[in-house]
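With the first letter of the sequence shown counted as 1, position 98 gets the number 100 in our numbering; the numbers rise by one all the way through.
Derived by calculation from the structure, the hints in this document are not laboratory data.
A hint or two may mislead.
Straight-line C-alpha distance at most 20 Å; calculated SDA-like pairs for lysine to any residue [claimed, not checked]:
1) LYS44 - ARG5
2) LYS44 - ASN84
3) LYS44 - MET3
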Amino acid sequence: MTRPEGAGGPPLARVHGPEDGQHAGAHVPRHDRVLEAGEDIKFNAPAPAGGYREYLMTELQGIGAGVDVPYELLSGDLSNVNYSSYRAGMLGFRNTIERSGG
Numbered sequence: 003m004t005r006p007e008g009a010g011g012p013p014l015a016r017v018h019g020p021e022d023g024q025h026a027g028a029h030v031p032r033h034d035r036v037l038e039a040g041e042d043i044k045f046n047a048p049a050p051a052g053g054y055r056e057y058l059m060t061e062l063q064g065i066g067a068g069v070d071v072p073y074e075l076l077s078g079d080l081s082n083v084n085y086s087s088y089r090a091g092m093l094g095f096r097n098t099i100e101r102s103g104g
């Protein structure tokens, strides 16, 4: 919350003392407060971290390799394959399953 007075203006929240039964400096939220002239509320808007899709894909590829399941079958993500590469991967997976008696 900002005020036009800046840092030297009056405090924005009531500071409780030990006599209130709370720790000194505790903030009690007020939902009924009306903003006065010149006051504004600004919310934090962090930038997206980015790269999460690639991170998740790498993690799922590692899991798939560990349990002998193709990434595409594990995740359902077919965005990086064409028919031929998917079929070749599935044939290898089917052969592994048939050899294991599954």
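Checklist entry - Can you name, in rising order, the numbers of the hints this structure does not satisfy? => result The structure conflicts with hint 2 only, although it agrees with all the remaining ones.
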